[in-house]
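Number of protein chains: 2
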Amino acid sequence: MKINLIWAGKTKEQFLLDGIRKYEKLLKPYAHIAVHEIKEEKGTDIQRMVEKEGERILKCRSPYVLLDDKGKHLTSVEFAGFIVKNMPEITFVIGGAYGVSDRVKQGAQDRIALSRMTFTHEMTRLVLLEQLFRAFTIIHKRSYHH
Amino acid sequence: MKINLIWAGKTKEQFLLDGIRKYEKLLKPYAHIAVHEIKEEKGTDIQRMVEKEGERILKCRSPYVLLDDKGKHLTSVEFAGFIVKNMPEITFVIGGAYGVSDRVKQGAQDRIALSRMTFTHEMTRLVLLEQLFRAFTIIHKRSYHH
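Those protein sequence lines, which keep their order, are chains A and B. Going letter by letter, the first sequence gives residues 15 to 160 in the numbering used here. Going letter by letter, the second sequence gives residues 15 to 160 in the numbering used here.
Incorrect hints may have been included.
[Unchecked claim] Here are the computed distance ranges between Cβ atoms for each label pair:
no., chain 1, residue 1, chain 2, residue 2, range
1, B, 48, A, 123, 44 to 50 angstroms
2, A, 134, B, 16, 22 to 28 angstroms
3, B, 157, A, 125, 22 to 28 angstroms
4, A, 70, B, 117, 51 to 57 angstroms
5, B, 157, A, 95, 35 to 41 angstroms
6, A, 53, B, 117, 51 to 57 angstroms
7, B, 103, A, 95, 38 to 44 angstroms
8, B, 53, A, 134, 30 to 36 angstroms
Everything labelled a hint here was simulated from the structure, so no lab data went into it. The C-beta atom is built at its ideal place from N, Cα and C for all residues, glycine as well.
Let the hints inform the model, and build the full structure from the sequences given.
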């Protein structure tokens, strides 16, 4: 299975980067993970930054699933089913520090929420990777200490 | 404000420990965080382990709020309101690798879910601390890059 992850900019928090790398490694036997780090916008004009990043996301890959706290709330088992349904390839988009543009929201094939709570966009990367690993342990009926 | 966190055993994942320490530090201006690491049970008799850890949790501190994926799903703003309502002291319990005993579930003053998804119990510690920090930035109207 191929899993594309699109997000804006490098992961700056070292502890999150360490965690992301750990799960990328754990996922290797199950899926090919391709991270597409689109260029992050800097500045104070948030509307413009979000639009610019949105254009890059839309150019990157389609169809895609947007991580969005207004999206569907799945359990980990339901999320595993969602992965299976989307085999052999799925793309997830995680917005930047200020979220995503309306066009990115409207263009998503699905919107999935990890929580009703707001996570930092970098933490969302880690949580998604951990849930992807969990999904494959569910799909392959492997035990996974939680 | 005083915030007690009760969980079983040390945080073994280094990246999570780094993240937990970061948020403990960030929370210092807002709250006194006291982590109570009760002794973790080892073995194969899961039922017995969960009961034993449950006894220790119940002895530790009361009343307490249980982190539980079957609990109430709050937004970060609602969670901030929940913290304010519980001032000047609140205690959170996070279960171990195999969850918590029925007695711990039944004894909780409230049950709060971070997600419908299952997180590792160590990841739950990090997510809770990040949400506590976020809650105080909401309460004190501080900007917080997400």
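In this structure, is the beta-carbon distance linking residue 70(A) and residue 117(B) contained in 51 to 57 angstroms? The hint (51 to 57 angstroms, Cβ to Cβ) holds, given that residue 70(A) and residue 117(B) are roughly 52 angstroms apart.
Outcome of range test on Cβ distance (residue 103(B), residue 95(A); 38 to 44 angstroms): holds (42 angstroms)
Look at the Cβ atoms of residue 157(B) and residue 95(A) and judge whether their distance stays inside 35 to 41 angstroms. holds (39 angstroms)
Return holds or violated for the Cβ distance of residue 53(A) and residue 117(B) against the range 51 to 57 angstroms. holds (53 angstroms)
Do residue 134(A) and residue 16(B) keep their Cβ atoms within the hinted range of 22 to 28 angstroms? holds (25 angstroms)
For the hint 30 to 36 angstroms, verify it against the beta carbon of residue 53(B) and that of residue 134(A). Given range 30 to 36 angstroms: holds, Cβ gap about 32 angstroms.
Range first: 44 to 50 angstroms. Now tell me if the beta carbons of residue 48(B) and residue 123(A) are that far apart. holds (46 angstroms)
22 to 28 angstroms as the expected CB spacing between residue 125(A) and residue 157(B), which holds or is violated: holds (26 angstroms)
This entry satisfies every hint, going by the numbered hints stated previously.
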